[in-house]
Amino acid sequence: MISKYSYGHTVTKQIINALKAHVVRSRTAIAAVFLGVYNESEFDVERLPETLEKITVFLKNETRNTDMVFSFAGKLKWLIILSQSGEREATAFLRRLYVSVKNNDILDLENQEILFSASVAEIGNDEGSFEKLVTEGTLALTESLSKGPEQIEYVTTFKKRPLETVKVSILEENDVFRKVLYRTIENLNLNNFETEIKEFQDGYEFLESDWYFSSHTHLIIMNDILPRQSGLDVLHKIRMLPNNKKFIVFMMTKRSSEEDMIYAYESGADNYFIKPFNLRLLEVEIKRTLERLWT
Amino acid sequence: MDIIKISIDTLIKGIGVLSFILILLSVHIVIKSSKEKAEAGKIKAYIQNKQDLWYQYFNDEIVLPVELIPNNDIEIKATEEIFLAYIKNISNSTIEEKIRKFSNQYLRQYYSGFLLSRKWSLRMNALYRIIDFKIDSLAPECKKLEKRTKLSPEEHFQLMIIYSMFNETDFIKEFANLSVRLSEYEYKKLLVGFKSEILEHLMHQMKELPMIYRHYFIDILGIRRELGFLPFLEKNLSHNNTEIRIRSLKAINEIGIVSNLDKYKPFLKASQWEERLMLAKILGAFPLEQVYTYLEELLQDENWWVRSQAAQTIGKSKDGKSRLKTFIATAQDQYAIDMAREVLGGEY
Chain R
1 MISKYSYGHT
11 VTKQIINALK
21 AHVVRSRTAI
31 AAVFLGVYNE
41 SEFDVERLPE
51 TLEKITVFLK
61 NETRNTDMVF
71 SFAGKLKWLI
81 ILSQSGEREA
91 TAFLRRLYVS
101 VKNNDILDLE
111 NQEILFSASV
121 AEIGNDEGSF
131 EKLVTEGTLA
141 LTESLSKGPE
151 QIEYVTTFKK
161 RPLETVKVSI
171 LEENDVFRKV
181 LYRTIENLNL
191 NNFETEIKEF
201 QDGYEFLESD
211 WYFSSHTHLI
221 IMNDILPRQS
231 GLDVLHKIRM
241 LPNNKKFIVF
251 MMTKRSSEED
261 MIYAYESGAD
271 NYFIKPFNLR
281 LLEVEIKRTL
291 ERLWT
Chain W
296 MDIIKISIDT
306 LIKGIGVLSF
316 ILILLSVHIV
326 IKSSKEKAEA
336 GKIKAYIQNK
346 QDLWYQYFND
356 EIVLPVELIP
366 NNDIEIKATE
376 EIFLAYIKNI
386 SNSTIEEKIR
396 KFSNQYLRQY
406 YSGFLLSRKW
416 SLRMNALYRI
426 IDFKIDSLAP
436 ECKKLEKRTK
446 LSPEEHFQLM
456 IIYSMFNETD
466 FIKEFANLSV
476 RLSEYEYKKL
486 LVGFKSEILE
496 HLMHQMKELP
506 MIYRHYFIDI
516 LGIRRELGFL
526 PFLEKNLSHN
536 NTEIRIRSLK
546 AINEIGIVSN
556 LDKYKPFLKA
566 SQWEERLMLA
576 KILGAFPLEQ
586 VYTYLEELLQ
596 DENWWVRSQA
606 AQTIGKSKDG
616 KSRLKTFIAT
626 AQDQYAIDMA
636 REVLGGEY
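Residue numbers (the working numbering), protein chains in the order written: chain R, 1 to 295; chain W, 296 to 643.
By construction, these hints were calculated from the structure, which means they are not laboratory data. Just to be clear, a hint being listed does not mean it is correct.
[As the list claims (entries may be wrong)] Straight-line alpha carbon distances no greater than 25 Å define the calculated SDA-like cross-link-like pairs of lysine to any residue that follow: (1) 383/W x 191/R; (2) 484/W x 256/R; (3) 254/R x 485/W; (4) 179/R x 485/W; (5) 275/R x 426/W; (6) 287/R x 388/W; (7) 545/W x 258/R; (8) 287/R x 426/W; (9) 545/W x 600/W; (10) 275/R x 530/W; (11) 275/R x 545/W; (12) 484/W x 261/R; (13) 287/R x 265/R; (14) 530/W x 589/W; (15) 484/W x 278/R; (16) 254/R x 589/W.
It should be emphasised that the depicted structure is a prediction, and the values quoted were computed from it without experimental measurement.
Chain R with its partners taken away, still in its complex shape (with noise of 0.2 Å):
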């Protein structure tokens, strides 16, 4: 969508201020394009507006629904944020900006050639000002124009993702092995999650416990037999309740058995570890897992 409103305005900041809100609330980063035109010195003074008002129509074309638009008045330079993308699409994105306005039909401005430079900020916490956000993201604008066209320069202040906190529960009656289990997992270097573990030797100490009640992405590495309460008992407890999608559950089991495998799978397992296991596969899975958690 086009915004009435420059990427100066307060209401500007407002809307941006929101999005980076929820960038960490839904774990999805956005990112800031923002665009200039490398020729402008060509452009007709006289008719400015009208050809911005022509590039604005076209880059919103050019862009989804859930993007937006920002315009820099009286100048040819515009503020796009992409919603759901990180560096990567909109590098993808800026390359078949690039491709498409050299079609001079789409923007039918008089066989006038125009040509694009860029930066961009990929926004993956709710830190940092709007302020510094434009500041930054118009000097790397700068620096790009003046390297030549079609160029892009990537600003990395506002990349980085927060610190999240991942409660991990292992349910395991073997000592040693439960042992095994949690230094192994202590051990992982995971960019931007920190670990929480908590040992368990059965799925009634786990259910019994208040560690499972807060709102944290929960981990929970069971044995699919246990004394007392057995991992699959704990599995049906906690997927009916109703913030049941923060638990991600790994299963473990002695039992070779695809019946067994699909009846864990159909009760809400999302992976499933038959005994013995390899111990990497284990840490490149959670590893996976938690990435993913970010889109």
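Dock chain W against the given chain R, drawing on the hints supplied.
Structure of chain W alone, referenced to chain R:
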């Protein structure tokens, strides 16, 4: 009625003796159980003390520290528990090799003593651990055990696993001419764990195997989905033994790779209904268009199981249900029509 006459004095003495024995027994039980408790406590404490070091050693963080070498039975039992926790839960060839080397060096003597024991449970325990920890240096002692003691079928079974692990060549010879009769479960359990190379050797010695073992062998190829044995199974399709043909068809169906339809067409006229049943299953691997004529023929088979399977195979295929509906509308054979209706269920 006769009354046994015992003097009060004798009775009291008797009660006294019995009470004394009872007290002795109770004391014995109490001492034994407290000993066991104390031992379990010591084992637990040892595990808690040493498990971190073992973790570091297994993860190549340190070289084997001297303090991990067990000095007495309690320490050996604790080490055994640690090893079992790794072996049963974690698949890692480096750790397995470290356990193998350590056990061969430091636990060998302990289990060797168990092998000499007159107690069956201790001998069994040693055999289990030799397999778990791959203590190959005890293989000759295991061989001697066979000659020395009258072994139970369970011990024979464990020995068979040990031979298959440590002495492949001898084992294959022995396995082909088994003197001990293994149950279907035992035989299959052995075959499931074998390396593919052993299965290949056995395949070449098929003719020497008793017929019943040949059947189990073919079943296992299907259970293990041994794609490499597909040519062998296909060759069996022309075997003169019906059971071999049926089981080979079943194994091929389990593997799920069926390429050459011509190899299976002859079973359309097979005299045994089980063969026609397996054909009806196997045809499900082909596009319905290619095999419908054969399935329609099987749908009108004289045997209920064959008709039922043919109808199910058609019903499961893409466009199968509409073919069944057309069949119902045009066919004459009431039995076949009923079967097609059954597969369609409430839809027709």
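Quick rundown of the hints versus the structure:
1. 383/W x 191/R: violated (31 Å)
2. 484/W x 256/R: holds (14 Å)
3. 254/R x 485/W: holds (18 Å)
4. 179/R x 485/W: violated (33 Å)
5. 275/R x 426/W: holds (17 Å)
6. 287/R x 388/W: Distance ~23 Å between residue 287/R and residue 388/W Cα, so the pair holds.
7. 545/W x 258/R: Status holds; Cα separation ~19 Å.
8. 287/R x 426/W: violated (35 Å)
9. 545/W x 600/W: Roughly 15 Å between the alpha carbons, so the hint for residue 545/W and residue 600/W holds.
10. 275/R x 530/W: Violated: residue 275/R and residue 530/W sit about 36 Å apart, past 25 Å.
11. 275/R x 545/W: violated (29 Å)
12. 484/W x 261/R: Holds, at roughly 21 Å.
13. 287/R x 265/R: holds (20 Å)
14. 530/W x 589/W: Cα-Cα ~22 Å, so holds.
15. 484/W x 278/R: Judged against 25 Å, a Cα distance of about 23 Å means the pair holds.
16. 254/R x 589/W: violated (43 Å)
The structure does not agree with the numbered hints 1, 4, 8, 10, 11, 16 stated previously, though it agrees with the rest.
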